[in-house]
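Participant: Protein chains in written order, with the numbering used here: chain D, -11 to 362; chain F, 123 to 328.
There's no promise every hint is true.
[As the list claims (entries may be wrong)] No more than 27 Å apart at the CA atoms, straight line, and that leaves these computed lysine-lysine pairs for DSS-like:
#1 D:K224 - D:K208
#2 F:K310 - D:K208
#3 D:K208 - F:K316
#4 F:K158 - F:K140
Because the hints were derived from the structure by calculation, they are not lab data. Note that the structure is predicted; figures quoted are calculated from it, not measured.
Read off the chains here:
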Amino acid sequence: MFLPAGSQDEIGQTVDNRSKAYEIFRQVMILRNYKQISTPVVEFADTFTNEYAGMNLQNMLKWFNREGEIEVLRPDWTTAIARALVKQHPSELKWSYQGSVFRRDKDGIESRQAGIEIVHTPVFLGEGESLLTAVQYLKELNIADYLIELGHTGIFDELTAPLQLSDQELDQLREAMHDKRRDVVFTIVNGKASKEQADEITAMVDAFGSFDVIEEYEVKWKDNPRLLEIIKHLKKLATLLTERGVKDVSVDLGRVKNLPYYCGTMFRGYLKETGATCFSGGRYDKLYEQFDESISAVGLAFDVDVLADHLHIEESYERICIIAEEASHAYAEELRHTFTNAIVDIQYTDKDKEKFDRVFKVIKENDEYKVVEQ
Amino acid sequence: MKPTIALTKGRVEKQFLKFFASLSYDVEPLINKGRKLRVETDDFLFVFAKGVDVTTYVEHGIADLGIVGEDILAEFQPDVYNLFPLPFGECRMALAKEKGKEWPEGKRRIASKYTNITKEYFKQKGESVEIFKLEGSVELAPILGLADGIVDIVETGTTLKENGLVVTDEFMHFSARCIANRSSLKIKRNELAKVIEAFQRGLTVK
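Next up, chain D with everything else stripped away, as it sits in the complex (with noise of 0.2 Å):
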């Protein structure tokens, strides 16, 4: 029998790695006073595809119903939660989630994430908790090594309204500074505007970097009252992080969004051992007004996958084997809970013995069981 390309089977070191990644996530979401939400795997398109979530069909696992709709895998967490949410009394601020998502866009069909979703909270509140949330769980992955980046929409967004430039062409521009395509995005602008403008929005592209790069733009933008309040939000974040311990944060000021609803900060985490995305995240309050509402959200998730792959658990338990028959199940079970903090096997032949620190047989001696370590 033949898997679908992209889904497979997982054994062992995977699959403990990824449900110690899940533990250590609830853990710390109790702590941090979370609470859980989860929503149905399968899904109408709609909520995905519609003009405020912006999602591209073609790379949902979907199907027709008998009605005659389409339903889909869940291909994103933070869409599915914004429905459920709206439900929700307004006094709960934080929710976690974890479970799979399924995209063709990615590689393998199924991934897996945890996140977080923070809701009707005053914006650096909100977006500081995400940003802390994410410290305090890789800290805990013992994961030490990463690089956290910020962005905000807001830049692209007042850099190019003088320019006047329609959806197609904004689209454009966007797609070349997603893809850091210098060349396009100045023959882009330039034909809508001066070369000083064109220039200006070229430099975005190679406007990434530590803090030297905030200070630098501190004092380009010093006359422009948005991205110098941009600027400094982004600096006060990236110094929350810096004082929390965090060595490497970053910043791209040419970041711009994936999704239409993105609207403000960006969060982007990466592991500088492979180079992987172990989270991302933002704010997108303008997700909601698909529902009329007008509300503060941000929230970000990780890619447990990914984690999971770095993940280097210590096995410190003693493995032990009890060697029993039939008859002497029911003692061995017994003698088992005696072993606390000790994994624990009951076989019924000795064959495998080499693969435990202990090996104990249990032997019958006038009618009463006892127990040998061998």
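Fit chain F to the given chain D structure using the hints.
Facilitator: Quick look at chain F alone, frame taken from chain D:
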């Protein structure tokens, strides 16, 4: 760890080495590499691969930078930073048919290595066509009757001419480009900055 650069084998490789040498990098080990597909220099690790494989290595972070034709990027749309054009490997995408033959009145049959580009080209024109995917020598398809025309890259036009084909439309202009892995550009910024700046200086000089 030295940055890894994936380089497209063949014509792009030769043109790149000339360009790289003009930037005062030592290209001797790269020229005299024999059949080796992995060569370490003082500053970089180079890997040599087919164009589409260069994009795969860069997308998955095996290579930090890649040198590849823009036709490959347009066709396969890899998830990489597509930084800037390089001053070589210039060509254009063209629609061609047999000289002296008219297009059929019905649905046109088009052969190409670049099926995604072809599909998008005719979509923009609002025309439905049958597309045949070929891996090479696309010029044969109209001659042998598989297709009414072809979509392919053209440098000088000599191959088309020698096979009795004429260009009826040119719609994309390409060159070689420098691409980067999305994480590497951020994480290895300092290591990559020097060579990226050198490439850009080379463009200015041109």
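Participant: All hints are to be evaluated individually against the structure, with a verdict given for each.
Facilitator: Here is what the structure says about each hint:
With a C-alpha separation of about 18 Å, the suggested pairing of D:K224 with D:K208 holds against the 27 Å cut-off. Proximity of F:K310 to D:K208 is assessed by CA-CA distance (about 26 Å); at most 27 Å being required, the pair is judged to hold. Between D:K208 and F:K316 the CA atoms are separated by roughly 24 Å; this keeps the pair inside 27 Å, and the hint holds. Taking the CA atoms of F:K158 and F:K140, the gap is near 19 Å; set against the 27 Å cutoff, the hint holds.
The structure meets every hint from the earlier list without exception.
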